[in-house]
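Residue numbers (my numbering), protein chains in the order written: chain A, 1 to 307; chain B, 1001 to 1307; chain C, 2001 to 2272; chain D, 3001 to 3272.
Source of the hints: derived by calculation from the structure; they are not laboratory data. Ideal Cβ placement from N, Cα and C applies to all residues, glycine included. Incorrect hints may have been included.
Pair ranges (Cβ atoms, derived) [said to hold, decoys possible]: (1) B:Gly1081 <-> C:Leu2005: 36 to 42 Å; (2) A:Tyr92 <-> D:Asn3091: 48 to 54 Å; (3) D:Asp3151 <-> C:Tyr2002: 36 to 42 Å; (4) D:Met3087 <-> B:Gly1097: 43 to 49 Å; (5) C:Thr2209 <-> A:Val238: 33 to 39 Å; (6) D:Ser3133 <-> A:Gly296: 55 to 61 Å; (7) A:Asp186 <-> B:Glu1110: 36 to 42 Å; (8) C:Ile2012 <-> D:Phe3010: 23 to 29 Å; (9) C:Lys2248 <-> B:Asp1007: 49 to 55 Å.
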Amino acid sequence: MNHSPLDLSVNIGGIQLKNPVMTASGTFGYGEEYAPYVGLDKLGAIVVKGISLKPRTGNPLPRIVETTGGMLNSIGLENIGADRFIEEKLPYLIDSGATIIANIFGSSIEEYGDVANKLDDIHGISGLEINISCPNVKEGGMIFGTDPHMAFEVVNFVRQSTKLPLIVKLSPNVTDIAEIARSVQDAGADAISLINTIRGMAINIETKTPKLANITGGLSGPAIKPIALRMVWEVARVTEIPVIGIGGIMNSDDALEFIIAGASAIQVGTANFVNPKATVDILSGIEKYMRDHRIGDIKSLIGTLRI
Amino acid sequence: MNHSPLDLSVNIGGIQLKNPVMTASGTFGYGEEYAPYVGLDKLGAIVVKGISLKPRTGNPLPRIVETTGGMLNSIGLENIGADRFIEEKLPYLIDSGATIIANIFGSSIEEYGDVANKLDDIHGISGLEINISCPNVKEGGMIFGTDPHMAFEVVNFVRQSTKLPLIVKLSPNVTDIAEIARSVQDAGADAISLINTIRGMAINIETKTPKLANITGGLSGPAIKPIALRMVWEVARVTEIPVIGIGGIMNSDDALEFIIAGASAIQVGTANFVNPKATVDILSGIEKYMRDHRIGDIKSLIGTLRI
Amino acid sequence: MYQVLSKILFNIEVSPTYYKMGIDCPEIASIAVPGQFIMIRVSNQLDPLLRRPFVIHRIQRANTGSYSQVEILYKIVGKGTEIMSKMKEYNDIDLLGPVGNGYRIDSNIRTAVLVGGGIGVAPLLSLAERIISQCSRLKSLILLLGGKGRDDVLCVEEFERLGVEVRVATEDGSLEHRGLVVDLLLDYLESRDYSPGSSTHCFACGPDTMLKEVSKIIAEKGISCQISLESRMACAVGACLGCVVRTKAGGDVYKKVCKDGPVFDSNEIIWE
Amino acid sequence: MYQVLSKILFNIEVSPTYYKMGIDCPEIASIAVPGQFIMIRVSNQLDPLLRRPFVIHRIQRANTGSYSQVEILYKIVGKGTEIMSKMKEYNDIDLLGPVGNGYRIDSNIRTAVLVGGGIGVAPLLSLAERIISQCSRLKSLILLLGGKGRDDVLCVEEFERLGVEVRVATEDGSLEHRGLVVDLLLDYLESRDYSPGSSTHCFACGPDTMLKEVSKIIAEKGISCQISLESRMACAVGACLGCVVRTKAGGDVYKKVCKDGPVFDSNEIIWE
Ligand SMILES: Cc1cc2nc3c(=O)[nH]c(=O)nc-3n(C[C@H](O)[C@H](O)[C@H](O)COP(=O)(O)OP(=O)(O)OC[C@H]3O[C@@H](n4cnc5c(N)ncnc54)[C@H](O)[C@@H]3O)c2cc1C
Ligand SMILES: Cc1cc2nc3c(=O)[nH]c(=O)nc-3n(C[C@H](O)[C@H](O)[C@H](O)COP(=O)(O)OP(=O)(O)OC[C@H]3O[C@@H](n4cnc5c(N)ncnc54)[C@H](O)[C@@H]3O)c2cc1C
Ligand SMILES: Cc1cc2nc3c(=O)[nH]c(=O)nc-3n(C[C@H](O)[C@H](O)[C@H](O)COP(=O)(O)O)c2cc1C
Ligand SMILES: Cc1cc2nc3c(=O)[nH]c(=O)nc-3n(C[C@H](O)[C@H](O)[C@H](O)COP(=O)(O)O)c2cc1C
Ligand code: FES
Ligand code: FES
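Excised from the complex, chain A in its bound form:
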């Protein structure tokens, strides 16, 4: 058994992945940046930095603060926009042989639809991940992803704007994550990924100013793992579509916790900064665990938590 081939492939709402190890949007650039460390075609998928219709400059500096076991970021979704992504970044990724998922966002429902539509026919993109943790500018800044009705609306609209498989990425800053998950499932999502960062803050006690120019930022890293894992479990229990686990995954043990909790795949974010080979290390750790535990097919491990 020790030498029989392992089956690590998973299908995420129509996207066929070699293995369940993906990169988390915004932490892996456009893949290229990590190519010196990681064979991009070895990973389940590369989820690129969030893309909007037009380029965005993002928030003022400083944008990063380290916290205990984590970090706050307030990048503010700086990105080069859909056109330049397609022209400048996509060709390299396609050449690398990677499975490519485009993470997208907008500040109105229409903008979400527009960018989805723009990417719909582009060769090389296997699926879309929509980030609904963005403020809805029209509705006065309220976050799409914190209200089940708004979440439904935006997903429903994007669903009609694209034929690509649709992953909806949830915000953890909510009372009842399962409720939002059901809403986006009902609206036509093919898969759900969670969690995005948790809103947090840090203060410089000498200057009495926030450490981030944007005042608050998103907390990521191992500090948030227990919260992320709980939410993934809550969502996986009540949805039928595949769930992708994200949040503080640093090593293969962490990844396996998410898979056992019900995640069909996982994304690695902050860990890339600490260990640029984190994704491939996690992949080989999962393979070792499968061998040690005589698990031939990773799919048989998903959601096996005994309670």
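Let chain A serve as the given structure and place chains B, C and D with the ligands on it in line with the hints.
Okay, now just chains B, C and D with the ligands, sitting in the frame of chain A:
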């Protein structure tokens, strides 16, 4: 100026504290346990382990898991009940000269009222802190503290059951903490404390079982500090009553961040486990900061964040 | 109970993955009794966050004559013990202790049977020393020691130097009896070495499964048995209620392993 | 760019709170250029979490002749550098590097003015070495060095050994000129040592306030100036967009300090 006396006193909704450093409920027992390390009368107040009307045995084991920069607990509010608290624990605390705050909870609105009422006339108790992060057994387990209306109801009822100053302790597992804060203020709270623990989970990948017998538990410790600080800031901005900051405070710098963000006092929880003298160390660190920055009165530092 | 910053005197590997650390801390050494433990802060940073509990392996006299050193015996099982294994002599280590209630030693003991499983041998060495020095009527002191393999059987020489009779069981048969330490206990209780009665006492430390077995066997014989429990701990002062164990005291109540234990009478415990 | 686990060769205090660390890493040393930096993982645990950036102070040849060591010069300012200061020789250290774009050295340079503030002197030593070896027409190489007090003025001897003329300013007047390093720059530009023209180049590294001042002064003179910026970094590979700086390139766009820098032309930067 270096040797003029510092004024560290604060008034929390009618409770006069020597200084802003309190202990967090459930992490300091009934004070006695930490007396070998800390002069109990030196602290702003001792908040005792959560008390219910009748004794409770709490959750099965294991109840504790360490996480990166934090810990999960599922003690399940084990406690000896109001009667034994009054008979066995209170006299020692009174003798120690400590300012005593009783943390209380119930599984129905009536039970909250009953325990508040029972403690109302007890000599030695300076105030009540009500923990609204408990499941409302009658309403099918929904948490009082996650719905603004339920939070209003329970606080309103307790308000009528006691003349003691009332601190309401908020749960962070909500979409909009400011909304809950306003509700409990409207219901008659004299002060607000936050945050309680954040729900989380950990899984043993060998046994495929949750690491806590209760499946999920509450995350505390420095990992949650950025989230706690953000919530304290959000609440302090929109309420008129004093706010007590809790969550991952390990040292005086952390404590000062909360005070600058708007907290009139702070509570130290998990830090006690790591450093049994954490409270007094934090107190002297605050004093040093005040001397270094020529702040004579701690009250002048509260909410001085410049944004 | 004290919190002290003490100097590490030595930290040596005694068997693969097992280490012995000597610490210079007169405050703790001078008041500690066998079975009590210390809480070690393994890092100055916040990961790992919580202190780790280790039972006192030995309490040593310094040259001056008063107790001034404690030793612990530990096994690398996770990141905290991994970090500890790399600590160097002369470095500072942050301790809390002595914590909990140790073994109660009845001075009338004639026969003492110590049962240790793996790292569970740790508290038994100082216990043996105390029994020898405090029990004037002591006739027989025997240690039954179990481990997975020969590398898990520790301190045999130290016990023999004290005159303790040591019998060993290893699961893989690499040393003496192939099997479990409970086999040795059963054998012993059937042998003519065993003298029933109130002056025979059993003391056990090891994994829960072993302790449960030992407790059952001993209960049938009706002799006194003290066992040393492990539990996940946060505070170790009785404040957090994280470490509790179900006991028969007053029906079915939780007791705190850190404060009411870690040593309990075996018949007190309700095994899950 | 490599991730390597390398051996620490030495780690010594060179002035109160300032340390110099030598690391054996041929992979990085053999391709690094002055102004590039490395990212150091300061703990195997997850607190502190992020790597810390340090500019390469010196690139050294081993006995065999090829470059094999890098040195960094660092100041204890927080918990990461505190941990680093306690690292011991022969221990492993986890590095990523070389990162970023270093100084571009025009081989036609005749006059080079290096301006360093405090720990900002770090990259200037290897830069001076390279300028000396690469610029055959070099006439004058001068270092203007500032610090709060005498303890903050580092490496003077090393520069003098290379034949660099060193002028020092301290804010408290404890060494040479009392004042700021910009005073020295202004003086220099007024003096007859200064020869305007395209063969005069300025290179600066130090706190933002200093760099801003230097950039302004230099801009007025119209000579070329390269400055080395600091910024909070997470990834150091250009992926996270945490370290950006506003530049005039194409109007007003963010560039990445880690990837596009850390060395920039001073007239590129939009100062806040
Ligand atoms: C009273 C008492 C005395 C002990 N005496 C000894 C001793 O003398 N020698 C020895 O080698 N071990 C002893 N242990 C077990 C020892 O505490 C654990 O092996 C150690 O805490 C593991 O830490 P880690 O970071 O290496 O493991 P990790 O698995 O990384 O630890 C994670 C968390 O789980 C806790 N934990 C893990 N294993 C145990 C355990 N078996 N018991 C309690 N908590 C645990 C840790 O303290 C930590 O909080 C004792 C435990 C208790 C309760
Ligand atoms: C390209 C570059 C080169 C550098 N070269 C050197 C050098 O050669 N010698 C030297 O002493 N210092 C250098 N620094 C600054 C050095 O990185 C910081 O002093 C160090 O990261 C502080 O870490 P800490 O944990 O001690 O401080 P903490 O304040 O505890 O660090 C907290 C967080 O803030 C970051 N941080 C703190 N100060 C700085 C800073 N000034 N710049 C960037 N990030 C910071 C840390 O990396 C960490 O993420 C350089 C910085 C950059 C960006
Ligand atoms: C620097 C940074 C930038 C991020 N940018 C995006 C983004 O553009 N779109 C998005 O959906 N999530 C973004 N995220 C969130 C991550 O994809 C991920 O959900 C989060 O960091 C939690 O995972 P982690 O703890 O493994 O980092 C970003 C996170 C970080 C740290
Ligand atoms: C072991 C443990 C027990 C707790 N018990 C209670 C409790 O009985 N009542 C309550 O209101 N909060 C309880 N809490 C929450 C703490 O009071 C505090 O709100 C939380 O731990 C966050 O602060 P910290 O990060 O400083 O620990 C408990 C926390 C811990 C860790
Ligand atoms: S460890 Fe906290 S009560 Fe025992
Ligand atoms: S540090 Fe991540 S882009 Fe520069």
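- Task: Find the hints from earlier in the document that the structure breaks and name them by number, from lowest to highest.
- Result: Violated hint: only 2; rest satisfied.
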